[in-house]
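Let chain D serve as the given structure and place chain W on it in line with the hints.
Chains as they are written, first to last, in my numbering: chain D, 1 to 287; chain W, 1 to 333.
Do not rely on the hints blindly, as some may be mistaken.
List time: in silico DSS-like cross-link candidates among lysine-lysine, alpha-carbon distance up to 30 Å [stated by the list, open to error]:
1. D:93 <-> W:10
2. W:177 <-> W:211
3. W:105 <-> W:128
4. W:177 <-> W:128
5. D:93 <-> W:15
6. D:275 <-> W:7
7. W:177 <-> W:167
8. W:101 <-> D:93
9. W:151 <-> W:10
10. W:211 <-> W:271
11. W:7 <-> W:177
12. W:255 <-> W:271
13. W:105 <-> W:177
14. W:292 <-> W:255
15. W:15 <-> D:100
16. W:119 <-> W:107
17. W:101 <-> W:151
18. D:275 <-> W:101
Some residues of chain W that are not near chain D, with every Cβ distance over 10 Å (derived) [to be verified]:
19. 20
20. 64
21. 72
22. 265
23. 279
24. 290
25. 331
Below, a sample of chain D positions facing chain W; criterion: calculated Cβ distance under 7 Å [stated by the list, open to error]:
26. 185
27. 187
28. 188
29. 189
30. 190
31. 201
32. 203
Everything labelled a hint here was simulated from the structure, so no lab data went into it.
Glycine included, each C-beta is placed from N, C-alpha and C at the ideal position.
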Amino acid sequence: MSSDRSKLAFWLLMAPLLIWLVTLIILPHVGMFLVSLREKVGVREYETSFANYAVFFNEPLYWNTFARTAYMSIASTVLTLLIGFPIAYYIAKLTRGRTKTTLFLMCLIPFWVSELVRTFGWMILLRETGVISNVLQYLGLIGGPVEMLYNDAAIMTGLVYTSMLFMVVPLITTLDSLDDSLIEAGYDLGASGFSILREIVIPHAMPGIVSGCIVVFMLSLGNYLTPILLGGKDSLWFTGLIYSQFITRFNWELGSAFGFLLLGLSSLIVFVGLKLSRQSLGKTMAQ
Amino acid sequence: MATVTLKELKKSFGKTQVIHGIDLEVLDGEFIVIVGPSGCGKSTLLRMVAGLETVTDGEVQIGGERVNDSEPMERDIAMVFQNYALYPHMTVFDNMAYGLKIAGKPKAEIVERVHEAAKLLQLESYLKRRPRELSGGQRQRVAMGRAIVRKPSVFLFDEPLSNLDAKLRVQMRLEIKQLQRRLGVTSLYVTHDQVEAMTLADRMIVMNAGKADQIGAPLEVYANPQTQFVAGFIGSPPMNFLPSEMANDAPGGAKTLGIRPEHMRFARTGKEATVIYTEALGAETLVHVELKQGASATIRQNAAGPVPSEGAVVHLDWDAGDRLFFDSQGRRC
Numbered sequence: 001m002s003s004d005r006s007k008l009a010f011w012l013l014m015a016p017l018l019i020w021l022v023t024l025i026i027l028p029h030v031g032m033f034l035v036s037l038r039e040k041v042g043v044r045e046y047e048t049s050f051a052n053y054a055v056f057f058n059e060p061l062y063w064n065t066f067a068r069t070a071y072m073s074i075a076s077t078v079l080t081l082l083i084g085f086p087i088a089y090y091i092a093k094l095t096r097g098r099t100k101t102t103l104f105l106m107c108l109i110p111f112w113v114s115e116l117v118r119t120f121g122w123m124i125l126l127r128e129t130g131v132i133s134n135v136l137q138y139l140g141l142i143g144g145p146v147e148m149l150y151n152d153a154a155i156m157t158g159l160v161y162t163s164m165l166f167m168v169v170p171l172i173t174t175l176d177s178l179d180d181s182l183i184e185a186g187y188d189l190g191a192s193g194f195s196i197l198r199e200i201v202i203p204h205a206m207p208g209i210v211s212g213c214i215v216v217f218m219l220s221l222g223n224y225l226t227p228i229l230l231g232g233k234d235s236l237w238f239t240g241l242i243y244s245q246f247i248t249r250f251n252w253e254l255g256s257a258f259g260f261l262l263l264g265l266s267s268l269i270v271f272v273g274l275k276l277s278r279q280s281l282g283k284t285m286a287q
Numbered sequence: 001m002a003t004v005t006l007k008e009l010k011k012s013f014g015k016t017q018v019i020h021g022i023d024l025e026v027l028d029g030e031f032i033v034i035v036g037p038s039g040c041g042k043s044t045l046l047r048m049v050a051g052l053e054t055v056t057d058g059e060v061q062i063g064g065e066r067v068n069d070s071e072p073m074e075r076d077i078a079m080v081f082q083n084y085a086l087y088p089h090m091t092v093f094d095n096m097a098y099g100l101k102i103a104g105k106p107k108a109e110i111v112e113r114v115h116e117a118a119k120l121l122q123l124e125s126y127l128k129r130r131p132r133e134l135s136g137g138q139r140q141r142v143a144m145g146r147a148i149v150r151k152p153s154v155f156l157f158d159e160p161l162s163n164l165d166a167k168l169r170v171q172m173r174l175e176i177k178q179l180q181r182r183l184g185v186t187s188l189y190v191t192h193d194q195v196e197a198m199t200l201a202d203r204m205i206v207m208n209a210g211k212a213d214q215i216g217a218p219l220e221v222y223a224n225p226q227t228q229f230v231a232g233f234i235g236s237p238p239m240n241f242l243p244s245e246m247a248n249d250a251p252g253g254a255k256t257l258g259i260r261p262e263h264m265r266f267a268r269t270g271k272e273a274t275v276i277y278t279e280a281l282g283a284e285t286l287v288h289v290e291l292k293q294g295a296s297a298t299i300r301q302n303a304a305g306p307v308p309s310e311g312a313v314v315h316l317d318w319d320a321g322d323r324l325f326f327d328s329q330g331r332r333c
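Isolated chain D, as found in the complex (with noise of 0.2 Å):
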């Protein structure tokens, strides 16, 4: 009688969980993997079969789109991880008290405002008739206006600033729990500041690098305003790919097709990664 109310009670106390799982991830992703098999063969007239796949594989444009966009967004993590690391450190072993949760807040107050007015915030600085452009000829250092947007640069800046909060936070978590006696242990073991940084401290932050790593790499992945609006057109962006091909040119077969193509790359990514940091899913997640 007891074990069965425990268990009324676990399954009432996981249905909010399953009901979200269930309703809006794995229900619409079984749909869309069923649309990208369909192949349109007449009006209202379709066949199985891994037509919309083929169509990927045999246009270099998409499979180039695809593969700059992997590129990209490794770049972006790894740009992510060199600039946060240093700062996480700092907040997390030579700040304390008061100075702490300020740098730390510091680090927060971007994401009080939403994503599209941080990324309008960009495109001001770096536009041709931008802040950065006006400074520079005003001090004369150029003669006419630049154009800074619109280039990979550009959506790198924008990569890395929108993750670097999720970068951030972890590494802050895992160096804040790093003892300083074994950084001073080291020191006392002769090491240099280069070893200890490299057989003590990066080891004991590896959880927080690869779970910061997997969350930039996603939200960069991902990502679909910042590339666009500092992009440009032909920013190249695999989901602006997935977007013109839904609500352009309703081919959503195709636009599924490239979904689930994006979904697959992005596991696989992440798979390899936990394999060469050798670190595992669990462990990361515990974080």
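Below, chain W alone, put in the same frame as chain D:
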């Protein structure tokens, strides 16, 4: 092996001075214990010798050479940390070998030295394990092993036993002492535990608020404390402090009269006191009393002797030679 010399050593954090000038000469192979309550600056002192804190003023010498500005690695010291500071992602072997590996020693020598130290510390069968798979005492041994393999000229211990339970602490205390005797390495050992200080030290430094109140052999410090602080800190239960008026022949300027609990005895005549409560510890009994003048005292009584019941009125007596007098500054007089 080396001597350690501290000259007028001072340390400030910002405007707060925490070490007010310490002078010390440590002989080659000597075991020095720095003891004091928390916040007295004892750990800071050790960390200055280790090179983990900068020296504000004064001089640290190791083996006769000034090392104020040397990196920790250049000082030929090895420190054992309070929480052991073992690397969780390395095996016991790798933890112990780390310092040698960094020093670029040949592999065969590293293996030999680690095994030698492991044998000494009875860690041979644990070399492949990770620190989290070890008990507290074993981790403590690994931390010592990591220091021993480097064959330093000075060992620095920062409260190495404070994370162990009482029984293990007694055992490790003996092991540390034996090890230090055997290796003959000059050692500085920080603790807040006066029993550890008494048992381990060749000489001890009793620190109080950033000053060395007394430096001397344990029994000398116990029998002949230079300040009221030292008298109260060393010895358990602590020395009884009574107003000096209770002695008819107190020297001029004396404010406090100190008598150790074992030097007080019950007598037919003497100072009248009321027994508050008694603690029977087996071999001895502690009797806590309140004197008429409002002062309280503890008497250490052999358990074989008669123990007064709580609430009883007793008379206390002591030998004149066991009395210590302190002035209003807490200094002996």
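Okay, the hints, checked on the actual structure:
1. D:93 <-> W:10: holds (26 Å)
2. W:177 <-> W:211: This hinted pair holds, its Cα atoms lying about 26 Å apart.
3. W:105 <-> W:128: Measuring from Cα to Cα gives roughly 20 Å; hence the hint holds.
4. W:177 <-> W:128: Roughly 27 Å separates the two Cα atoms, so the pair holds.
5. D:93 <-> W:15: holds (23 Å)
6. D:275 <-> W:7: With a Cα-Cα distance of about 55 Å, the restraint between residue 275 of chain D and residue 7 of chain W is violated, given a limit of 30 Å.
7. W:177 <-> W:167: holds (16 Å)
8. W:101 <-> D:93: The given pair, whose Cα atoms are some 26 Å apart, holds under the 30 Å limit.
9. W:151 <-> W:10: Holds, at roughly 29 Å.
10. W:211 <-> W:271: Not OK: residue 211 of chain W and residue 271 of chain W at ~36 Å, beyond 30 Å, violated.
11. W:7 <-> W:177: holds (27 Å)
12. W:255 <-> W:271: OK: residue 255 of chain W and residue 271 of chain W at ~18 Å, within 30 Å.
13. W:105 <-> W:177: OK: residue 105 of chain W and residue 177 of chain W at ~29 Å, within 30 Å.
14. W:292 <-> W:255: Holds, at roughly 18 Å.
15. W:15 <-> D:100: holds (22 Å)
16. W:119 <-> W:107: holds (18 Å)
17. W:101 <-> W:151: holds (14 Å)
18. D:275 <-> W:101: holds (27 Å)
19. 20: holds (24 Å)
20. 64: holds (21 Å)
21. 72: Violated: least Cβ distance 5 Å, not greater than 10 Å.
22. 265: Its Cβ never comes within 10 Å of chain D, the nearest being 48 Å, so this holds.
23. 279: It holds; residue 279 of chain W is separated from chain D by about 38 Å at its closest Cβ, greater than 10 Å.
24. 290: Since the minimum Cβ distance to chain D is about 44 Å, residue 290 of chain W lies beyond 10 Å and the statement holds.
25. 331: Given that every Cβ of chain D is farther than 10 Å from that of residue 331 of chain W, nearest at about 37 Å, it holds.
26. 185: For residue 185 of chain D, the interface hint holds, since the closest Cβ of chain W sits about 4 Å away, which is under 7 Å.
27. 187: Residue 187 of chain D check passes; min Cβ-Cβ to chain W is 5 Å, inside 7 Å.
28. 188: holds (5 Å)
29. 189: holds (4 Å)
30. 190: holds (3 Å)
31. 201: Violated - the Cβ of residue 201 of chain D stays beyond 7 Å from chain W, reaching only about 11 Å at its closest.
32. 203: At about 5 Å, which falls below the 7 Å cut-off, the nearest Cβ of chain W leaves the hint on residue 203 of chain D intact, so it holds.
Violated hints, in rising order: 6, 10, 21, 31; the structure is consistent with all others.
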